[in-house]
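Turn these sequences into a full structure, and let the hints steer you where they fit.
Below, each chain spelled out in residue letters.
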Amino acid sequence: MIFGQFSPAAPEITLLIMICIVLIADLFVEDEKRATTFWLAIASLAVTAWAVLASAPDAHTLLFDGSYVSDALSQVLKLFAIGTVAIGFLYARDYLRQNKLMKGEYYLLGLFGLLGIMIMTSANSMLTMYLGLETLSLSLYALVAFDRNSATSAESAMKYFVLGAIASGTLLYGISWIYGITGSLQFDGIAAAVRNDAINSMPLWFGMAFMIVGIAFKFGAVPFHMWLPDVYQGARTPVTLYIASAPKLAALALILRILVDGLGELHVVWQGMIMVLAVLSLVVGNVVAIAQTNIKRMLGYSAIAHVGFILIAIFTGSQDGYAAALFYTLTYVVMAAGAFGMVILLSRKGFEAENLADFKGLNARSPWFALMMLFFMFGMAGVPPWVGFFAKLNVISAVLNAGFPILALIMVLASVIGAYYYLRVIWYMYFDAAEDRSVFQADIDTRIVLSLNGVAVLVLGIIPGWLLTLCINVIRTVY
Amino acid sequence: MHGIHLTIVLAPLAAAIVAGLFGRQIGRAGAHWITNLAVGSSFVLSAMVLKHLYLDGGQAENYSLYTWAVSEGLRMEVGFLVDRLTALMMVVVTFVSWMVHIYTIGYMHDDPGYQRFFSYISLFTFAMLMLVMSNNFLQLFFGWEAVGVVSYLLIGFWFKRETAIFANLKAFLVNRVGDFGFILGIAGVVMFTNSLDYATVFASAGSIAAQSVEVLPGIPWNAMTLICILLFIGAMGKSAQAPLHVWLPDSMEGPTPISALIHAATMVTAGIFMVARMSPLFELSETALAVVLTIGAITAFFMGLLGIVQNDIKRVIAYSTLSQLGYMTVALGVSAYSAAIFHLMTHAFFKALLFLGAGSVIIAMHHEQDIRKMGGLRKYMPITYWTAVIGTLALIGFPGTSGFFSKDALIEAVRESHWHGQGAVYWIAYLSVVLGVFVTALYSFRMFFLVFHGEERMDKETKSHLHESPWVVTVPLILLAIPSAIIGWFTIEPVLFGGFFGEAIRVTSEHDVLARIGETFHGSWEFIVHAVTAGPAVYLALAGALTAWFLFLKRPDLPEKWAEKFSGVYNLLDRKYYFDDLYIKGFAAGGRRLGLFLWKSGDELVIDGMMVNGTARSIGRFASVLRRVQTGYLYHYAFAMFFGLTLILAWLLWA
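Chains as they are written, first to last, in this note's numbering: chain C, 1 to 479; chain A, 1001 to 1655.
Since the hints were derived computationally from the structure, they do not count as laboratory data. Just to be clear, a hint being listed does not mean it is correct.
[What the hints assert, rightly or not] Computed, partial: chain C to chain A, Cβ under 7 Å:
{"no.": "1", "residue": "Val-162"}
{"no.": "2", "residue": "Ala-209"}
{"no.": "3", "residue": "Met-273"}
{"no.": "4", "residue": "Ile-290"}
{"no.": "5", "residue": "Ala-291"}
Note that CB positions come from ideal geometry on N, CA and C, so glycine has one too.
Quick look at the structure:
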C-alpha cells in the first residue's frame, strides 16, 4: 500500500488528501458550474470508500502507538457513513441550486465532518476520540450557519455551538478524571486499569458520569436533547439531513468505544444512567413529537425516540444488545436520510416544505413518492415487514433476554404512541386534498436514488438476515 | 391405497373450489357435472376401500401425511386412520352425498345460486370426509368445525329470508356451546397425554382413567369421566341432543337436499361417530356412559312427541331425526357402539329418502310445506309415494326393513344393559326406547296419511299442476329406497355380531351387550320371528300406525278436539317444551342485554372513552405541556443539561 505502515489509516488519509484537492479546486470553480464541486466530492467519497475496502483488516489493527484502531466495527460504520453522506450530498444538490446556496462550503464542511466521523469510529484513545468529535462538531456548527442570510439558521447554530461547547467541556472534564485515575488515555489501558478494584470507585464513576453527559448530548438523549429540535428546524433541510444521518453512526462509535471498550467493567454502574436516559428519550421523544406541526422538528423528536431505542440496546450490556444497537443505527440512518430526502424533494425555490401540512394530498401529486414516504414512515414506526420492525424487534428481544420485561413494555408502548405521528403523515398524504400541486424539480438521479432508498427500507425488512448476521459478526469480532 | 384415500378427500374439495370460484365460467351444467363426478368417484373409491378392508381382508391403515407444526412435543398433523368404521362412514357419506348431488340438479333447477349450492355441498362432503378419516383430534376438530361452517352457510342459503338468517345464526350459536365442550375435551386429552394422535391417546387411556382432577376445588373428578363428558357435550351440539337440540328443527329453513344430507344423514351423526370412535375412552367411564344414555333416552322419547304436533312436513321429519339420533345415543350409552353405527347407517338411507321424498312433494306443491294443505297425493306421485312407503316403514321399524333390524337390535341391547343396574337410568332408557317406537309410528304415519291419503286439501291452482317429479329427483329416491328396504337383512349379522369393526371399536367384556344378544342370534329370519313373537316393539309400532290411521284418516275431527281439551299438554308440545322461549328470551336476550351493557358502559365509556381516547387525550395534553418546556432560550437549555448532570451525579451518590 502506498501509505506504508500507515495503511490501516488509509481511509482518513485518503479523505484528507481529497478534501485538500476539492478545497483548492473549488476556488477556481464559478458559481454556475458549482456542480463540479459536487462531483468532486462524490469522487472523493468513492475513493475513500475504496480505501476503506482496500485496507480491510481481518482483525484488530492498532496504529499511532495504539491511539487508532481499525477493526470490523470501524469498517462498517465508515462505509455506512460514506454512503449516507453521498446520498445526502445528492439529495441536497437540487435544493442548494434552487435556493442559490450552491456553494462549495456545504460539500467541504460535509467532507470534513465525515473525516471527524471516521476518526471517531477508529478512535482507540480518549484524545483521538475527542479530536474526531471536535472535527465533526465544528463542521456541523458551521454547516448549520451555512445560510448566512437566515436568522433562524444563525440562531440555531449559536445554540448548537454554545451547548456543544458545554458538552465538549463536560466530556473533556470527564476524560481528565479518568486519565487522572487510570493513568491511561487508551481504551484498552483504561479497561485494564479499571479491573483493579482499588481504582473502581466513586471518583472514577464521577468522571464517567461527566463523559456520559457528553455522549448523551451527542446522541441527543433527554435531558441533553434541547438543542436537537431547534437545530433540526433552524438548519436548512440539506444540513438537517446531514446532521440527522451520518453523525448518529459516530455517536454509536463514541458510546461503544468509551463505555464498552474502555469502561466495560463499570457496566453495572453506567447501566442505570443509560437506562434512565433511554427511557426519558423514548417517552419525551415520542410524546412531544405528537404535538409538532413542523416535519423537521417532528423528525427531530422522532430521532430522540430512536436514540432511546439505541441506548436501551446498549444498556443490556450483552453482545445481542450491541448487535441490535448497531443494526438499529445502520437502518435508522438509511430511513432518516430517506425521510429528509423526501422533505427536500417537496421543497423548491423559495419554498421550504417543512410543515406536515405540506404533505397533504401527496398521493395525488405523485403516488410513487407518496409510497416512498409511506415506506419511510412505516419503517420508522416499526410496522412489519419494513426494516424498522426488525430493528425494534431485535432490541426488544435483547432486552427481554437480559431480563427486563418492564423496559420492553415501555418500548412497545412508546412505539405505539410513536406510530401515531408517523401514521398522521400517511393520513395527510393519502386522505387529504393537496393544497399545492406544483411539480417536483428534482433531477432524475435524485429521484432514482430516493426510490432505491425507499425500496431498501422495505427490502431490508423482508430479507433482514444478511445485515443482521453482519452486525452480529462485527460485534462478535470486536468484543 | 394412500393415493386413493387422498383422492377421495380432495376430489370434492377441488370440485367445490372450481364450482365456487369459477361458477360463472363453467356455467350451471359445468358446476353440477364436476361436483357430481367428483363425489361419484369418491363414492366408488370409498366402496373400493370398504371392499378392500372387508372382503379382501385388507389391513386398517393409520398414517400421517403432513406435519403442520410441532410445539413442545405436541405434533399437529394431517393424517388418515382408515379402518372398517371409517370405511363404512365414508361409503355412507359419499353415497348419500352423491344421491343428493343428483337430486339437487332437479330440486334447485331454477335457483339463482345453483353453482354456489353445488360448491357448498361438495365442500361439505370434503369436510365430512376429513372428519371421519382423521387419525387425530386436531383434524377431527377441523372437520367438525368445517361441517359446521358449511351447515351454517347452507341453512342460510336463501340469505334474503329473515327466518333463514335467524335459523343459521341459531344453529351457529347453539353449536358454539357444544363445540366449547368439545374443545375443552380435546384440551383435556392433550393435558393428560400430550398427544393429539388417536392411537397414542387410546394407548394411554388406562393412565388417564387412573387420574383425577379438581375442576371445582375440593371435588375430585375422574379425569376420563370429565374428558368423555366434555367430548360428549360436543356431540350433543352436533348431533342435536337435548338440551342442545333447538337448532335442528330451525335448520329446515335450508333447501331440502341439504336437510337430507347434512341435517339427517351425515353431519348430525358426526357426534355419534365421534363417540363410537372414542369408544376406548368412553368404555373406561361408566358415569359418562350413563350421562350419554340418559341424554339419548330423553331426546329419543320427548323429541318424538313433538313430531306429532308439527304441521310443516320438513319439521316433522326433523323431529323424527332428533328422536332417531336419540336412539343412536342410547345405543352408545349401553356400549353398543356397533348398534349405534348400524342404526346410523340405516337411518342415513331411510331418512335421506324421506327428506328427498318430502322435497319431491314440496316441488309438486309449489313450495307449500304445510301438511294440512296436502292430502291424496298418492295418485299424482306414484314413485314418490311408494318410496315414501318404504321410508316410513323403515323408520317405524316394520319387520324386514333396514330400520327394523337396527332399531330392534338397539332396543334389545338396552334391555340387556343390566350393568347400568336396575335403577332409574336403566328404566328411563328402556321405557323411552320402547315407548318411542309407538310415538315414531304415530307421527310417521300421521304425516304419511296427511300427505298421501285422504281428502285433497290443496287449492285448485296447485292441484291442476300436480305431477310426478323429474327423473333426477326420482332416481335418487329409488336408489335410496333399495338399501332402506333390504340392507339390514344382509348386514346385521356381520356388523353387530360378526366383529366387523374389529379393533376400531373397543368394548370391555362386561359391557358387551351385543355379544350377549349374539349368543341367541341365528340369522336374520330368526331375528324377525323372535321380534314378532317376543318383543313389544313390533306391536307398538303397529299400534302407532293404527292410531295414526284412526285419528287422521278415520276420525280427523278427533285430534282437534283433543288439542282443545288437553290444551295444556298441546301447548307444551306446540311450544316445544318452551326451550326456544327459554333460550331466546332467557339466554339470547340476556346475553344481548349483557352485551349492550358491556358495549355502552364497558367498551364505549371505559375502554374507548376513558382508556383509548382518554389516553390519547392525556398524551396529547402531556405533549403540549412538554412542548412548552422547549422555550427556545439558550440558558434554559443549558440549565436542563446541568440539571441532568446533577441528577446523574446525585444518582451515583445515593445509589
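Verification of the supplied hints:
| no. | hint | result |
| --- | --- | --- |
| 1 | Val-162 | 6 Å, holds |
| 2 | Ala-209 | 5 Å, holds |
| 3 | Met-273 | 5 Å, holds |
| 4 | Ile-290 | 5 Å, holds |
| 5 | Ala-291 | 4 Å, holds |
In terms of the numbered hints stated before, the structure departs from none.
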